[in-house]
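Participant: Chains as they are written, first to last, in full-length UniProt numbering: chain A, 1 to 339; chain G, 1 to 339.
Please note: incorrect hints may appear among the correct ones.
[Claimed, not checked] Chain G stretches covered by chain A per the calculated footprint, using a threshold of three residues with CB under 8 Å from any CB of chain A:
1) 241-247
2) 273-280
3) 301-312
[What the hints assert, rightly or not] Heads up, incomplete: computed chain G residues facing chain A, CB under 10 Å, no partners named:
4) 12
5) 31
6) 252
Just so you know, these hints were derived from the structure itself, not from any lab. From the three backbone atoms N, C-alpha and C, an ideal C-beta is built for every residue, glycine too.
Number of protein chains: 2
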Amino acid sequence: MPEPNRRFVLAKRPDGKPDRETFERREEDVPEPEPGEALIRTLYLSVDPYMRGRMNAGESYAEPWAVGGPLRGGVVGEVVDANGSGFETGDIVTGNLEWADYATAPGSDLQPVDPDLAPISTALGVLGMPGRTAYFGTREVARPQPGDTFVVTGAAGAVGSVAGQLASMAGARVVGFAGSEEKVAFLEDDLGFDVGIDYSTTDDYRAALEDAAPDGVDAYFDNVGGEITDAVFTQLNVDARVAICGQISLYNAEELPTGPRKLPTLIEKRARVEGFLVGDFAPRFEEATRNLGRWVSAGDLEYRETVTEGLENAPEAFLGLFEGENIGKQLVKVGERDD
Amino acid sequence: MPEPNRRFVLAKRPDGKPDRETFERREEDVPEPEPGEALIRTLYLSVDPYMRGRMNAGESYAEPWAVGGPLRGGVVGEVVDANGSGFETGDIVTGNLEWADYATAPGSDLQPVDPDLAPISTALGVLGMPGRTAYFGTREVARPQPGDTFVVTGAAGAVGSVAGQLASMAGARVVGFAGSEEKVAFLEDDLGFDVGIDYSTTDDYRAALEDAAPDGVDAYFDNVGGEITDAVFTQLNVDARVAICGQISLYNAEELPTGPRKLPTLIEKRARVEGFLVGDFAPRFEEATRNLGRWVSAGDLEYRETVTEGLENAPEAFLGLFEGENIGKQLVKVGERDD
């Protein structure tokens, strides 16, 4: 193949906020798959907030990315050389692959994507990791009940938009925090949230929440953390459940973030706060994907995607997550599917 | 009865740390019980950290005490006028009564105490509310498993000393934080804790904990909060359970206490933090008291009491809780039992 393979590596560890210098783009030969490995041409690449953690040197739940090493993420691609991987040329697959035009992977690391079921990009969004994260975090951790008030932050994002809809389906009153007028309209008009709060134009999160959730908060799904979460904690009801999914407002902090101590509140409210990782629910991924797919097909679950064109713009798409530039799932479109 | 009844009322709400001026002692006539009420002569009065919260005006899980109104707490006393209450004169009873030499209460608010089972003072400690708090917080919230490392703060106190022993009985390695050399000796020599850490002579709680709990912390029972808790959170293992029972280090804060934000840790560790109140387990109090009594009788569960003599010294006994002056349960001995 004459075309070069563009791929991104971690140029250096960011100190605080990452920027364009965090990433280095290289042009190399298209890799040769080993026997049992497929060669995949990238169609869509997912950028996600959790990747910020992998840029740090410190130990976390996932291995840190090496400086000079590849960036990896969810990819939907087309098998261009099946090579004994168990797939066939032309198959659409998804897996955790490099940020690149082409990548290789053992067949066991890839899952098939059925293009007839839903647009293939949804395998990275509502029917992929973000959708499953919302599914388990809402149903197993935050557990909204009929009549409950459910609050979600990052509500217009890939995870929050699904979490809020699942809470609605469970019979809860749903309040979402999002960062623009357009996002609030998306929540209220397209997703059926009861109230959207535009935190970008609100000085007093607590007062806004008292208006939006006059009966207090029974279940809270947190993607953001920081001052909005401080406000939500003041409104928790007795026996409230708090699911900690993400804390994007803190990921770029250069110093250990501080805030009000919340543990006394937990005693008074007998509240439970629980962090979770979607990977811990792996044995139930099939159930989640099946249910989410069913609800999407039936029109009960809406989704939106923000698509950045071109692998070369993947860093900007990633950095935009921290500026709230996306509505719904942020994707990078890398290649066109062959027809 | 010619003797006056000494009783304490809340003189004013403390601003930060309470002091002697928070309390006003009055001398009044011994109250006359209404029909169905017993007149009780106080033998022991319990002072407990949670009472600090009731001195505040703000709404909490319990009604605030009124300025000029009585202070109340756990009492063990002798019925001196049964008056149709369902008890008999001379019965030993316990209930939530005024800080006074004499108090009245409906029979339905009193529980009998069997003086042949254990010293009657234990109805306010290991066999009373503190013991039950440790029982449910350890077994139902922190849930130590065999081989786990269990950490408890306020470890030499009425609740912590029982919690640590219950965790030992469950097969966990037990580490306790306490505030003096004498207390650490009590933990290690009398209670069988694996390690006691004297926080009064330790600059670096985290380093001390890394030594004491080299395999990390699986279950944490917190009575204290603040910087010790910050250190414990850095050592949590995956799937750790944290039971928030009390936060005595924060109760006298004049401003909203702040500290490091802990929610990112909860994601990485998939940890659960849960506040609880013993009152929510009321339907199971009998089970708890029966089991605790059995273990005390068998010598499996040790307890200690710090007894301050004289109702007039009840304020000092209460204030001493915040200085860590007690080992085990802090009681005030108000009267002698008639033989």
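Participant: So, for every hint listed, does it hold in this structure?
Facilitator: Against the structure, the hints come out as follows:
1. 241-247: holds (count 4)
2. 273-280: holds (count 6)
3. 301-312: violated (count 0)
4. 12: violated, 22 Å
5. 31: Violated, because the Cβ-Cβ distance from residue 31/G to chain A comes to roughly 32 Å (cut-off 10 Å).
6. 252: violated, 12 Å
Comparing the model with each numbered hint stated earlier shows that hints 3, 4, 5, 6 do not hold.
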